[in-house]
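Those protein sequences? They're chains A and B, same order as listed. When you number the first sequence by the numbering used here, it's gap-free, plus one each residue, and the end is 264. When you number the second sequence by the numbering used here, it's gap-free, plus one each residue, and the end is 569.
None of these hints come from the bench; they were simulated from the model. Don't take every hint at face value.
Where chain B lies over chain A, by a calculated footprint (3+ residues, C-beta under 8 Å) [stated by the list, open to error]:
1. 26-39
2. 79-90
3. 94-100
Ideal Cβ positions, reconstructed from N, Cα and C, are used throughout, including at glycine.
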Amino acid sequence: MLELKQVQKTFNPNTINERRALKGIDLTLQEGDFVTVIGGNGAGKSTMLNAIAGVWPIDQGQILVDGIDITKLAQHKRAQYLGRVFQDPMMGTAADMELEENLALAKRRGQFRGLKWGITAKEREEYRELLKILDLGLENRLKAKVGLLSGGQRQALTLLMATLQKPKVLLLDEHTAALDPKTASKVLEISDRIIAENRLTALMVTHNMRDAIHYGNRLIMMNEGRIILDISGEEKKKLTVEHLLEQFTKASGSEFATDRALLS
Amino acid sequence: MDILAFARALPGSVAQGLIWGIVAIGVYITYKLLDYADLSVDGSICTGGAVTVMMMLAGYPAPLALFCATIAGMAAGFVTGIFHTAMGIPAILSGILTQLGLYSVNMRIMGKSNQAISVDKFDLTLSVRYIPQAILIGAIFCLVVIAVLYWFFGTEIGRAIRATGNNEQMAKAQGIDTNAKKVLGLMISNGLVGLAGGLLAQYQGNADVNMGRGAIVIGLAAVIIGGVLFGKIFRNFSLRLVGVVIGAILYFCVIALVLQLGMESTDMKLISALIVALFLAVPYIKETKGQKKVKPMVKGGEEHA
Ligand SMILES: Nc1ncnc2c1ncn2[C@@H]1O[C@H](COP(=O)(O)OP(=O)(O)OP(=O)(O)O)[C@@H](O)[C@H]1O
Ligand SMILES: [Mg+2]
């Protein structure tokens with residue numbers, strides 16, 4: 001489904017600020033894989049997701065979706081294969097546009113946009129049904145400007161927008177990190193449900209080790225631009241936070257570099 | 265002050281305001297919808313005027329001349345868009361480059377710095393000679409432009425342009441070619457400005473190479489006045505555009521008033537610049553002042569919310 005072959009990325013090459021963010025990433029996701037990604041600050045998690053999304057070109061390697069080489073495709077062209085939710089709730093939606101307009105934009109991801117006017121009653125009904133499932137009361141606010149919604153509501157909406165056209169791969173980058181704990185767990189539940197119901201292939205970055213263990217069927221850990229752990233199946237189900245920290249120390253030769261993970 | 269003279273000047277201000285209202289709508293599209301301060305406007309308004317006058321002098325009918333003025337304006341917008349998106353030149357500088365280049369283009373079109381067109385010899389769309397009629401024609405043009413734009417920005421492609429200006433990152437993630445949308449937005453904006461230039465040249469009876477100087481500031485002033493006065497009541501997109509046109513009319517009424525108070529017409533640019541600077545500063549000053557007051561209480565909460 002998704003294949004990364006020897007992907008490398010260096011920021012600001014040949015300057016004092018040179019930073020080798022990805023040092024040869026090999027990763028293959030099977031259809032329906034829900035992979036959680038953990039790693040310390042600056043490990044390269046966001047960089048890996050940005051590489052897949054095509055925010056900038058990579059230096060070396062290949063990225064394939066469903067066997068199609070997307071390595072050189074512009075960001076907006078790859079969007080037809082990818083759904084994305086960002087860490088910042090402001091990033092995924094257009095604040096000055098109505099809720100239904102945002103959904104209508106997402107509905108046409110990967111499709112031709114022409115001169116069809118407005119939103120049909122049928123489309124609106126579809127959106128209403130989908131919003132009802134979120135259980136955030138958004139189904140009655142189709143005409144509201146998205147800027148009026150709370151962070152949690154916006155993240156849930158972004159999630160819906162990312163999956164309205166079924167993506168080949170769903171990319172979630174700490175998409176609950178900016179929310180309060182209660183909202184965060186609700187959005188996480190919704191994510192899990194959407195992924196399960198649509199049998200999506202997903203990559204989810206999180207700083208919370210418990211969430212990383214609880215959700216998904218596979219877990220990878222990154223450190224200094226490399227994948228240093230890859231656990232799936234039965235082995236993943238038996239994981240504990242302590243075990244994970246131990247593994248990290250063993251694989252990287254250093255302490256886990258974030259205290260956020262320990263606190264949660 | 266001569267109240268009567270001011271009252272006599274008002275209809276002319278309204279007519280002028282309606283024509284400049286179309287320029288202001290163009291500025292609204294780039295400045296508000298695309299979040300792009302486009303300075304090509306100063307040049308493309310004259311391009312529109314030059315094309316219109318030269319075509320009519322060559323015997324073409326006014327509607328065709330205005331159509332070509334619109335196309336010429338769109339071409340100018342296209343160039344600015346390419347400077348910015350394909351060549352990576354910052355937005356403001358792209359507009360300045362186009363504006364500068366257009367000076368030469370406009371001189372080439374006209375052959376000299378000013379070309380007159382007489383209302384006695386040509387069938388003009390509107391003229392300062394017949395102000396009531398000019399007001400009517402100006403109003404019709406504004407209404408048609410607003411109706412078409414209301415329709416267009418509600419279509420799939422129009423919504424994609426709005427999304428690009430509102431949140432480019434999101435637009436890209438939703439598969440929108442944001443560069444193409446910016447170019448398209450600039451073309452629509454400058455096309456309208458070219459059309460307005462064609463109307464303005466007919467109205468004043470000549471196209472002048474300096475007729476666009478400061479157009480962006482007048483357009484901005486109209487957008488700002490419209491926003492300040494009607495922002496709270498006009499929420500619908502088409503009404504907002506109506507607000508912008510009223511803003512342009514009020515701008516020219518204020519100008520007429522100031523002239524009656526004894527200012528020189530050459531002082532107007534300074535006054536316009538100061539007014540726009542003042543209005544642009546208001547949101548900023550409000551924000552920084554508000555922050556100082558609220559900061560101690562909310563700061564922590566804001567960061568983690
Ligand atoms: N656009 C960029 N320009 C320069 N350096 C960058 C850029 N993006 C990331 N980096 C650097 O690349 C490294 C990896 O960053 P990345 O954001 O992928 O880390 P991360 O694993 O997502 O960390 P975090 O948990 O803090 O989000 C860091 O050293 C970062 O400073
Ligand atoms: Mg990150």
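Outcome of the hint check:
For the segment 26-39 of chain A, the proposed coverage by chain B is not satisfied: 0 residues have a C-beta within less than 8 Å of a C-beta in that chain, short of the threshold of three. By the rule of at least three residues with a Cβ nearer than 8 Å to a Cβ of chain B, the coverage given for the segment 79-90 of chain A holds, with 6 such residues. Residue count for the segment 94-100 of chain A with a Cβ under 8 Å from a Cβ of chain B: 4. That meets the three needed, and the coverage hint holds.
This entry does not satisfy hint 1, going by the numbered hints stated previously; all others are met.
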